[in-house]
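**Q** Work the whole structure out from these sequences, hints included.
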Amino acid sequence: MSHRRMRAPSLGVVLLAGHIINFGVNKVPPATLALIASQTAVFLDMFPKYFPTAQSVCISSYLVLYDQKWMRLILSAFYHGSDMHLYYNMLSLLYKGSWLESRLGTLYFIYLISVFTAMTSIVYVGLGFFLSQVMGSNSYLLDCAVGFSGVLFALKVLAAHYTPSGPQYVFGIVPVPSKHIYWAELLLIQVLVPNASFVGHLAGILVGTAYVLGPLRIIMHAFFQPRAKIRQSYSTQRTPRPSTSFSGSGRARPSAPDPTDIYDESTPSSYTGDAHSRNYSTATSPDLQDLRTRRTQYYQ
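Just so we're aligned: 292 in UniProt numbering is position 292 of the sequence shown, and the numbers increase by one with no gaps anywhere.
No lab work stands behind these hints: they were computed from the structure.
Being a predicted model, the structure only gives us computed values, none of them experimental.
We put the beta carbon where it would ideally sit given N, CA and C, even for glycine.
Where hints are given, some of them may not hold.
Each pair of labels, with its calculated beta carbon distance range [what the hints assert, rightly or not]:
hint	residue 1	residue 2	range
1	Q225	I74	20 to 28 Å
2	H221	Q55	22 to 30 Å
3	V174	F130	23 to 31 Å
4	G126	H221	22 to 30 Å
5	P30	W70	23 to 31 Å
6	W183	G214	13 to 21 Å
7	T106	P215	21 to 29 Å
8	R227	Q55	34 to 42 Å
9	L188	R217	24 to 32 Å
10	V134	N26	25 to 33 Å
11	S137	P9	35 to 43 Å
12	L65	T106	31 to 39 Å
13	P9	I122	27 to 35 Å
14	R227	D67	38 to 46 Å
**A** Have a look at this one:
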């Protein structure tokens, strides 16, 4: 009887570990740390029974609606196509999750992630079916996605809603009001990375918007409420700018790095499109210039 060998840690995993150590493991809230650890374990092939390949867990409207592959609504979000896919996604989650969990409380954050994961996948499936009918193209039904990007986009909307008003800069160049930066990112990402999952990103934005505008939040709070409300302005602490991420589409393909920052010194994201072979620094804690150089090289 043969057993699959666990995948060896690669550059993205080492970079992620270095970032977490520099951030301070003891400073990462428990649910955020558990999410990062579990998704890293999935990438390292520690759970081959549930995550054998991208094709076996990716989500598409066709597979869910017609083949009734319901588990893909959840499993697809936790699978990453490459080490850099994992690195950028989890780097985004590290800062975004730490900020939100510390304010909402661990139990509510777990509740929030659970609902956002399910709802983002459901909206993705619904949008795929709707667009296939309107556009007359089966590609929207068949596009198969993996990655945590939909959830991260939803969290981006939530974090942006509570960010003090003022301009933020997409790609460090284009000024956009902080409350609407995710819309600019959605469009610019699609222009620069045509293979990015526009539907997956849009699904995350719609779920996040449903929460901040009230309908989803009201329903969720009927069952469980956060320990404290997040205030929209802070006198002593600037809200970090959580970035979006990318889900894979097409043939369960990983996506490009997120061109925006969760904070001023990194470019966290997830992936879509075919996996690309890139040369990355072997440093476990890349500096700002290194990250900017990698980001520039990616889009060349």
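**Q** Of all the hints numbered above, which does this structure not satisfy? Sort the numbers upward.
**A** Violated hints: 2 and 10; rest satisfied.
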